[in-house]
Amino acid sequence: MTTESLPAAAVHVDGVAREFGAVTALSGVDLTVAAGEFVSLIGPSGCGKSTLLRLIADLDRPTAGSIQVFGRSTEQARLAHDYGIAFQQAGLLPWRTVRANIELPLSLHGVGRAGRRERATEMLDLVGLTEFADHFPDQLSGGMQQRVAIARALAERPSLLLMDEPFGALDEMTRERLQSELVRICAETRAAVVFVTHSIPEAVFLSDRVVVMSPRPGRIAEVVDVRLGDGSRNDALREDRAYFEAVTAVREALHGGAATGLRGVETR
Amino acid sequence: MRALRRVGLGLAAVLLLALLWELVKAVVPEDGWSIGDLRVLPRTTDLAMPHVPEMLSRLTDPLAGASADPLWLAVLRAGGTSLRIAAVSWLIGVVVGFALALLMTRFALARSAVLPLVVLSQTVPLIALAPLVKGWGAKLDLGDVTWQPWMSVAVIASYLAFFPVAVGALRGLRSPDVLHEELFTGFAASWTQTLVRLRLPASVPHLLPALRLAATSAVLGVVVAEVSTGMPGGIGRMILEFANFASSDPAKPWAPIFGAVLLGLVAAGAVGLIGVGLGRFRRTEVSA
Numbered sequence: 002m003t004t005e006s007l008p009a010a011a012v013h014v015d016g017v018a019r020e021f022g023a024v025t026a027l028s029g030v031d032l033t034v035a036a037g038e039f040v041s042l043i044g045p046s047g048c049g050k051s052t053l054l055r056l057i058a059d060l061d062r063p064t065a066g067s068i069q070v071f072g073r074s075t076e077q078a079r080l081a082h083d084y085g086i087a088f089q090q091a092g093l094l095p096w097r098t099v100r101a102n103i104e105l106p107l108s109l110h111g112v113g114r115a116g117r118r119e120r121a122t123e124m125l126d127l128v129g130l131t132e133f134a135d136h137f138p139d140q141l142s143g144g145m146q147q148r149v150a151i152a153r154a155l156a157e158r159p160s161l162l163l164m165d166e167p168f169g170a171l172d173e174m175t176r177e178r179l180q181s182e183l184v185r186i187c188a189e190t191r192a193a194v195v196f197v198t199h200s201i202p203e204a205v206f207l208s209d210r211v212v213v214m215s216p217r218p219g220r221i222a223e224v225v226d227v228r229l230g231d232g233s234r235n236d237a238l239r240e241d242r243a244y245f246e247a248v249t250a251v252r253e254a255l256h257g258g259a260a261t262g263l264r265g266v267e268t269r
Numbered sequence: 025m026r027a028l029r030r031v032g033l034g035l036a037a038v039l040l041l042a043l044l045w046e047l048v049k050a051v052v053p054e055d056g057w058s059i060g061d062l063r064v065l066p067r068t069t070d071l072a073m074p075h076v077p078e079m080l081s082r083l084t085d086p087l088a089g090a091s092a093d094p095l096w097l098a099v100l101r102a103g104g105t106s107l108r109i110a111a112v113s114w115l116i117g118v119v120v121g122f123a124l125a126l127l128m129t130r131f132a133l134a135r136s137a138v139l140p141l142v143v144l145s146q147t148v149p150l151i152a153l154a155p156l157v158k159g160w161g162a163k164l165d166l167g168d169v170t171w172q173p174w175m176s177v178a179v180i181a182s183y184l185a186f187f188p189v190a191v192g193a194l195r196g197l198r199s200p201d202v203l204h205e206e207l208f209t210g211f212a213a214s215w216t217q218t219l220v221r222l223r224l225p226a227s228v229p230h231l232l233p234a235l236r237l238a239a240t241s242a243v244l245g246v247v248v249a250e251v252s253t254g255m256p257g258g259i260g261r262m263i264l265e266f267a268n269f270a271s272s273d274p275a276k277p278w279a280p281i282f283g284a285v286l287l288g289l290v291a292a293g294a295v296g297l298i299g300v301g302l303g304r305f306r307r308t309e310v311s312a
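Quick mapping for you: the protein sequence lines, in order, are chains A and B. The opening residue of the first sequence carries number 2 in the numbering used here; numbering runs sequentially from there. The opening residue of the second sequence carries number 25 in the numbering used here; numbering runs sequentially from there.
These aren't lab readings, by the way, just hints derived from the structure by calculation. A few of these clues could be false.
Claimed, not checked - Reference excerpt, derived from the structure (chain B facing chain A, CB under 7 Å, subset only): (1) Trp96; (2) Trp160; (3) Leu203; (4) Gly210; (5) Ala212.
The beta carbon of each residue, even a glycine, is placed where N, CA and C say it ideally should be.
Go ahead and model the full structure; you've got the sequences and the hints to work with.
Structural data, given as structure tokens:
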């Protein structure tokens, strides 16, 4: 499946609300993510960004509005394996080797042994863990585990990657390296990405667009167009003026959206 | 080396127990210790507490008279009979317990309906069940097979053995994190796939102790069931019979008791071997 052949947007969110009892987690959210586009969701704790991601992944259902993934319902998209997903915790199965963890979605979906092996080898190469193929997750560092999780999410060549603070638990050095890797991987796979984060620099460095959300009720406050470096991002970009301007723009959007709701936002 | 150390420690504990026994015999007066009319420490006469060497040497003497087999051989033979029945009841217990756990994992309704009954079941004493099972078994029409007394014993003992398996397996099958469950939902994995790839492997660390507990429960159940159904040939009946010799041959009743202890150890050890080779399912995830 290549992104070009898909006529519909990767994600189309239309007037979505999600209420948990009396608490409104999301209200009136409209968002369209184009095929191959990288969109970050950023905002303080409780702004519903993770909820929105879970709705797109069909791990939860909206109480109002509708969401389409490549023109289908989220359930159809999930059952058709349209997306890969990665969470803040790597969530590797401790009894499976790195290779077997990457092969897991493939074997669940009936890919033969040879096909699984070939794909896992490719993925291991992509995330630079070839020599750790036969290690178990508890023998890897946090950053390595997260790379395995990303490789697993990409194993089925999804046209959409959903990531919920995948680098949130990592140290700053590992984080920047993995961000650069993710940019490279996305350029290679041309997958659309919805990326939830707390970190403004991370959102700016990675994204085509940054969606700034505000809490109580969770909604979209502003969408900041970033599109730095004509798609060819590298570490030099982190010292570019355009980068700092975008960081400032996102920060102001966060302040403007909810002056009191800044808890939980990292400015590093 | 570590295995050797553990065996050594085990033997030392047995030796310590024997020493303690002799110490009590030496220190506590023959009539025991009483506070008022209440006896807090038992009598220590040779009738009530035979010396350890006496109990051991009795094992090598013939069962009764001079021509019979030595006592230890008779105990082992009875133990073998009981062990075979215990193995059958363990198997029944594991199958039934695991089936119940699966049912309770699959259906929340079954969990709230069955789990209290499972717990309640263990409050019914085995002795109360024995005549019932024996009676039902006799009425069963199995074609050419006739219901044997040992089958009643196996069924009664399995009533004790299924419990730890049901509870342990249920906890194990429900042990995966929400994170892993959602991951499998995201993969659009079926319930069976999630069971085989996620729940079963995750349940291993909970299941192994449960299986071992079931083994000792099965042995205990067999001993009690043999006594309460009156089945001859096993270690339970032997304990009952030999108790009659408490005054004439005080060391003799201890032989089948040692046999029962050995039986429990052998059963638990054999089941413990299942865990060998399942080491990778005991790895724990180090979170990122």
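Flag every earlier hint the structure violates by its number, smallest first.
1 and 2
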